[in-house]
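> Below, each chain spelled out in residue letters.
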Amino acid sequence: MSIYLYQFLTGLSSGLLYFLTAAGMAIIVSGLNVINFGQGAFCMFGTLLCYSVYEATGSFFLGVAAAVVVAGVLGGYVTEAMLRPIYKRPPLFQLLLTMGVGYLLQDFFLFAWGNRMISASVPEILNFRVNLLGLPFPFYYIFLIIISLIICAVMLFVFKKTKIGMIFRAIITNRDMVDCMGINVKKMNSLMFIVGISLTALAGALNLPITGTQTAAESPVLFTAMAVLIIGGIGEIKGAFIGALIVGMCTSFGAMFFSQYYSLIPSLLMVLVLLIKPEGLCGKKTNAG
Amino acid sequence: MKKKLLALILTMAMCLGLAACSSSTQENTGSDDSGSTLTEELSETEPSEDGTYRIAVLMPLSGDLSFFSGYFIPSLEYLADNINSEGGINGHEVDLIYKDDQGDPTIEASVLAEVLEEDVCAVIGPFMDTCGPVVAQWAEQNKIPVFMCCALATDVGFENQSDYVFTAGSSAWSWAKVYANAVKEHGYESVFFLTNSGGVPENVKEFFWQEIDNLGVEVENAGEVQLSGTETDLTSVITSIMSSGADCIVTSLTASPAVNFLQQGNQMGLFDEVELLGAYLNDADHTESVGSSYPVGKVYSITWFPISFDFASDLAHDIYDRSDGVVPCSAGLTFYYALDTIRAALATLDYEAGYDSAQLVEAVETTTCESVFGDIYYTEYNHQLVFPLYLANTAMNDEWGMALPDESDYVEYGIECYPTEEEWVAEGERLGY
Amino acid sequence: MTSKPFRYRKDLIIGIVIIAVFLLLSFFIPGTSFLLARILIMMLFATGVNIMFGYGGMIAFGNAIFLGFGSYSFILLLSKAGIPYAAAILLTLVMTMIFSFLIALLVLRVQALTLGMLFMGLNLLVYNLGNYVPLLGRGVGISYASRPSFALDDRSFLIFTLVIVAVCFVLMYKILHSPFNQIIKGIRENEMRLTFVGINTKQVKRLMIVVSGTFCGISGVLYSMLNSGAYVTYLDTDISIQGLAMCLLGGMFTFWGPSIGAAVITFINVYIGGMTIYHRFILGIILILVIYFFPGGVLGYGNEDEVSARKFIKKLIPSGKEKKDE
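Chains as they are written, first to last, in our numbering: chain H, 1 to 289; chain F, 1 to 433; chain U, 1 to 326.
Misleading hints may appear alongside valid ones.
[Stated by the list, open to error] Below, a sample of chain H positions facing chain U; criterion: calculated Cβ distance under 10 angstroms:
| hint | residue |
| --- | --- |
| 1 | Glu55 |
| 2 | Ser59 |
| 3 | Leu92 |
| 4 | Met226 |
| 5 | Leu264 |
| 6 | Leu268 |
| 7 | Leu274 |
| 8 | Leu281 |
| 9 | Cys282 |
| 10 | Gly283 |
No wet-lab data here; the hints were simulated from the structure.
Glycine included, each C-beta is placed from N, C-alpha and C at the ideal position.
Required output: the full structure, derived from the provided sequences and hints.
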């Protein structure tokens with residue numbers, strides 16, 4: 001019995017981390033109509049920056065904060081300097097631009113951090129185990145769950161109760177109308193991009209003690225996040241949440257029952273959903289011609 | 001119209017660039033290369049004009065696996081420097097030509113085409129077992145001896161067996177024998193197999209269970225998982241292992257997945273109840289990355305360059321001093337001995353003969369080479385380099401500052417862990433070769 | 001249209017020039033045959049991708065499936081099933097056509113960006129299968145010397161490839177410049193109106209995917225001959241994305257565009273990869289430069305396709321109110 005709880009919790013924590021990245025992408029997609037293919041690179045950036053600050057100062061939380069802030073700044077630069085000029089171009093081109101940016105960042109990491117495997121240990125404060133139904137469970141995963149849920153709550157609050165959140169929602173629904181009302185949509189778009197990037201950098205930083213990363217390899221986060229988005233519906237944050245949980249749980253329990261092929265699960269799920277309900281579980285049917 | 005002109009200029013510039021680049025990367029030593037691409041004509045390469053022994057080295061210098069090469073190059077450079085500073089082999093220096101194959105068989109193919117232009121007398125590498133078959137076939141086709149530093153799956157080994165293919169890396173069979181023996185010695189009751197993609201892990205698993213049968217050991221198969229190599233989050237795998245009741249994990253994981261597994265496993269308390277058997281895992285290239293979360297005392301790993309042991313310490317320190325702060329590891333030693341055995345063989349031949357592949361092959365087969373283990377040599381029936389394997393526990397080593405093989409808890413396996421000629425031939429017949 | 005005969009002549013000359021360039025380079029600069037063959041194969045692949053992408057207007061994120069399918073089936077037929085050489089080639093052709101048809105059925109259930117995502121998802125799935133399934137070599141792939149017996153060494157293989165690729169190009173050219181082309185353009189510009197005229201656009205799109213898939217599959221067969229084996233890297237999403245990048249770079253609205261892109265990108269992959277480890281950086285820079293300065297690719301929008309290209313771009317913009325940025 002306790003092993004199921006174990007799997008549930010690990011599935012929950014990894015699912016929620018994917019949600020952070022997927023939510024970031026969802027915000028960017030719904031606001032700017034661009035699927036950010038560089039998201040994986042920013043996630044890795046979060047991990048790397050957190051590692052450097054952690055090594056230098058010994059404080060993990062400082063590392064996380066630094067990762068979020070710097071990534072946000074970088075995201076701001078990317079959107080202002082690179083995406084804005086081609087704002088009017090077809091989304092496909094903007095998508096490919098983000099891909100190009102992703103590639104650039106990837107090699108920049110290689111250059112700046114050298115060719116190595118980056119890993120760190122869990123900070124001492126969080127490094128203990130709690131007794132759950134007889135099995136000791138590492139607290140860090142519970143910490144991750146708590147943090148992710150807090151972020152979800154914050155996002156929900158911002159979107160539903162604040163003015164900025166209302167503007168975001170308006171842009172997602174009908175951008176031109178918002179433009180007509182005198183709000184600077186472009187600036188809002190940049191803000192949305194920054195938020196999206198910061199979220200994924202946060203996920204990357206939090207992931208550091210668990211998985212670390214390798215500077216020469218491409219981030220595997222991107223494809224799982226895309227699978228999550230597709231399952232939930234591109235551009236739907238609620239969908240991203242549900243999709244992330246589904247992917248996390250299925251992978252986790254899949255490892256128990258279908259251990260031979262469990263890494264096929266995310267792509268299988270994605271294809272399945274696309275066949276049954278192409279717009280995603282929470283998506284709306286659009287007339288895309 | 002301007003755009004069209006630009007396009008035309010670009011295209012022409014490209015073609016010129018192609019031409020320029022291809023002629024500048026060729027260090028043509030004067031031989032007629034149109035001959036070396038045809039398999040019907042020349043069967044040897046021409047000795048180089050400047051009287052050096054040219055040896056190509058294939059390894060992933062870039063790409064996902066490139067951080068490995070950082071560990072290999074210092075050992076090769078150290079040996080090459082030693083050889084050349086003493087005047088070379090019978091007065092001829094050794095010239096190592098590094099080629100980047102990115103661990104990718106498709107790139108390997110084009111890299112090998114380049115190597116043909118370099119007029120080498122031998123090739124060392126590749127490192128990744130996925131590239132093994134391509135290189136082996138190329139060696140047979142072009143009649144250039146190759147010394148592979150990867151492990152070959154046995155059926156692939158049989159299929160690509162030829163006079164020109166030597167294996168300086170270890171064989172899946174040896175590892176399986178070592179693991180099976182360890183399971184017997186340690187008295188494990190239930191084994192979980194953790195593999196990754198590729199033929200070698202599959203091979204290790206099959207031979208392992210075969211050896212368990214041969215030894216008559218009663219052990220339960222607790223299950224297996226195959227990772228695809230791109231997952232970083234192994235927590236679900238770890239939980240399923242913990243719930244399977246296994247007390248021992250045998251794995252073929254290396255590099256990033258292995259580091260992740262060690263870290264996350266330690267986090268989740270996997271190694272409180274389970275011990276790990278693997279290969280390379282207590283070498284510097286892995287333990288350095290895992291750092292202080294290494295589950296010391298719980299990981300028994302096959303290694304052949306335990307730098308923490310007395311007999312290997314001097315060589316380790318020499319290589320370390322030669323490098324840029326890179327701690328040497330077993331895989332690097334494979335490249336080192338590939339070069340050393342070539343040197344030993346070349347030393348018995350005169351310069352021209354060194355470039356005659358048939359003579360070189362015969363020299364390699366009959367020459368023994370001195371090493372820190374004693375004399376090492378290639379078996380005649382399967383061209384496998386025979387050197388001892390050490391299954392060692394891991395302990396924190398203060399001198400090097402990381403977890404390394406524990407000299408107080410290890411077992412040495414010599415020739416008995418390699419397949420005998422009868423076993424090899426029998427297996428070959430079983431597979432239909 | 002009176003411009004057609006001139007069009008044929010110009011393109012024919014271009015084709016002959018390309019063949020001549022390849023032959024000359026191969027004969028006068030030794031050692032390049034391998035690279036040249038690889039470039040040729042990628043040119044075929046990219047043009048195949050462009051059938052779906054530039055001409056068909058579908059987001060082709062997963063054409064590596066077709067390349068992989070072509071190579072794996074060819075190698076498997078040769079090595080495991082022991083089928084004679086010529087029969088294997090023909091059988092692979094037929095199998096690839098059927099496979100592309102099945103994929104088309106699957107993929108056309110959705111539209112636009114979702115189609116691209118589904119395609120990529122399929123690509124990932126097949127890539128993972130390549131890693132797992134023992135028949136497919138389990139992550140290593142299958143090594144098998146598969147060059148035709150009369151084209152074993154690099155130079156004669158290049159000539160062999162040249163012949164096959166030339167034939168394919170002629171076929172593709174004919175398909176893309178036939179009256180069928182008008183239908184294709186119509187789908188790209190205003191699909192709904194086309195259905196009013198009574199044309200089954202879905203069937204046409206299916207056909208395009210089959211054609212694209214078949215030619216990508218042929219490039220896969222040649223690729224496996226070149227590298228003497230079928231490897232999992234053939235199925236990597238990287239190859240699909242590079243295929244797209246090739247089309248973009250060279251110009252997705254012209255026939256020769258993808259070929260130029262293919263040549264440049266393959267060249268970079270092979271040579272720059274040898275000089276520096278930062279080749280992703282260069283690919284990224286190329287993508288960015290192309291998007292900023294050459295939105296139509298190196299070859300621009302071409303002559304007759306210019307008007308329809310404008311309309312295509314307009315159609316992709318969501319609100320449709322913005323003007324084309326040019």
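> Let me know if the C-beta of Cys282 (chain H) comes in closer than 10 angstroms to any C-beta of chain U, holds or violated.
Because about 14 angstroms separates Cys282 (chain H) from the closest Cβ in chain U, which is outside the 10 angstroms limit, the hint is violated.
> Is the hint on Ser59 (chain H) kept, meaning its closest Cβ partner in chain U is under 10 angstroms away?
violated, 32 angstroms
> Against chain U, with CB atoms and a cut of 10 angstroms, does the hint on Leu268 (chain H) hold up?
It holds, given that the least Cβ distance between Leu268 (chain H) and chain U is near 7 angstroms, below 10 angstroms.
> Per the CB criterion, is Leu281 (chain H) less than 10 angstroms away from chain U?
This hint is violated: Leu281 (chain H) lies away from chain U, its Cβ roughly 13 angstroms from the closest one there, beyond 10 angstroms.
> Taking 10 angstroms as the limit, does the beta-carbon of Gly283 (chain H) come near enough to a beta-carbon in chain U?
holds, 9 angstroms
> Under 10 angstroms, Cβ to Cβ, is where Met226 (chain H) needs to be relative to chain U, so tell me if that hint holds or is violated.
holds, 7 angstroms
> Would you check whether Leu92 (chain H) satisfies its interface hint, that is, whether its CB is within less than 10 angstroms of any CB in chain U?
holds, 6 angstroms
> Please verify that hint: Leu274 (chain H), Cβ, nearest Cβ of chain U, below 10 angstroms or not.
Constraint on Leu274 (chain H) satisfied, holds at 4 angstroms.
> Have a go at the Leu264 (chain H) hint: is there a Cβ in chain U nearer than 10 angstroms to its own Cβ?
holds, 5 angstroms
> Does the interface hint hold: is Glu55 (chain H) within less than 10 angstroms of chain U, judged Cβ to Cβ?
Violated. Min distance 24 angstroms.
Hints 1, 2, 8, 9, counting from the list given before, are not met by this structure.
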